[in-house]
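Note that the protein sequences, when read in sequence, are chains P, L and F. Take the position in the first sequence, starting the count at 1, then add 287; the result is the number in the numbering used here. Take the position in the second sequence, starting the count at 1, then add 287; the result is the number in the numbering used here. Take the position in the third sequence, starting the count at 1, then add 287; the result is the number in the numbering used here.
The set of hints was computed from the structure by calculation and includes no laboratory data. Possibly wrong hints are sitting among the right ones.
Copies of the same chain look alike in the list, so a pair counts if it works inside one copy or between any two.
Derived lysine to any residue pairs resembling SDA-like cross-links, with alpha carbons at most 25 Å apart [unchecked claim]:
1. K333 / P402
2. K333 / L413
3. K333 / L304
4. K333 / V406
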Amino acid sequence: MSTALAVYALCVVVLFLKMFGVSCYQGYYRLRFVAFTNQEDAAVFKRAAQAAERPEVIRAARVWANDLENIPAFFALCGLAIALDAPTMLSAWLSIVFTLARVLHTLAYLAGVQPWRTVCYGIGVLVLVGFCTIVTVRVVNSFVSWNSLAADL
Amino acid sequence: MSTALAVYALCVVVLFLKMFGVSCYQGYYRLRFVAFTNQEDAAVFKRAAQAAERPEVIRAARVWANDLENIPAFFALCGLAIALDAPTMLSAWLSIVFTLARVLHTLAYLAGVQPWRTVCYGIGVLVLVGFCTIVTVRVVNSFVSWNSLAADL
Amino acid sequence: MSTALAVYALCVVVLFLKMFGVSCYQGYYRLRFVAFTNQEDAAVFKRAAQAAERPEVIRAARVWANDLENIPAFFALCGLAIALDAPTMLSAWLSIVFTLARVLHTLAYLAGVQPWRTVCYGIGVLVLVGFCTIVTVRVVNSFVSWNSLAADL
């Protein structure tokens, strides 16, 4: 197992647990204020359904939306970088920076702290652009080496 | 091809078709009631755009939201478990349980049946936490065996 | 590196950059009209938070929602087709068609041009169903060849 694969695997685990934490946060506020928008959920507590979610739940839904715009792309791009034998320490460090940035992004979003939320978002995007560069370079290099190999023959 | 990879591949296919089924469900209700929120869609049927989606479409959008919070994580975590040579029958059975739980979750959500929807959601999350454990154990074991190998030399 | 893997890797990069472009489009309209729904974002510009997003931002959010219903499934299904040694040119061409269809879908959605948006969506779904077929055939074939091998022994 390469260091990059080991670090990537642990980062995927941490990111999943972080996202699950946001779901727990939403569930906590729904239960604490017994505020459900689905009729069948409210009925369990013998309440009427709410027209809208609690503000904390809405804010956490925005965390989820931002996560879904970034984290599945990380799953794919970092996985590809490893499959394409990108430099292992580079992939490992980028994975760690991305994971830290996304954890801090969630904390900053839930706390409503700017500009730190935008800084964390920006770091995550920079890492993803970095992985795009790595993947593109690996693909281009492999075609160049094939062509020079063919020219040598 | 390992049994785990074959089962995982078929589960990904089933989960995609299930999610596509939810899109078809949304399209069916939009077409049946000729209710579209995009102006250009309503114009095709010479209608005015609706201010809000139909309740069935909103409910199905919540199914989609819940799917997106769980299914891409399954794609990544089960794929990693297989890449890290986790016990093949364990990965295969967890994949099958996850897939069944998510199919039943969708049916329970669309029918508004509680507590079954929450039970199915919970089973899916438990499987994902199981995959997190498997992946972490594989990574930790590989480092321990490297270290003991280095100590032996 | 197989041609299918190289093409898939570049398609993942293009799809990520396309999705990031949609985020930039949203950010541009929020900044241009200084219209933010989060209080802490509006406060940076000494404005009050808006009750609702700008129409351009809402439209782009629908692009994002449709992307998230299709693109992570492509990441998983095409990755599986390659891992299962599906015919390499078939995977490569399907990846290219999917990527083009999703880029054009975004442009058609932002411009509000029908029926081209639905045509592009439909092409993307057909490619995903194609990958489902490829993956299923590969899994079934591998079990059939194991069984015939076992029968020969």
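Quick rundown of the hints versus the structure:
no., hint, verdict
1, K333 / P402, "between (42 Å within a copy, 14 Å between copies)"
2, K333 / L413, "neither (48 Å within a copy, 28 Å between copies)"
3, K333 / L304, "neither (32 Å within a copy, 36 Å between copies)"
4, K333 / V406, "between (44 Å within a copy, 19 Å between copies)"
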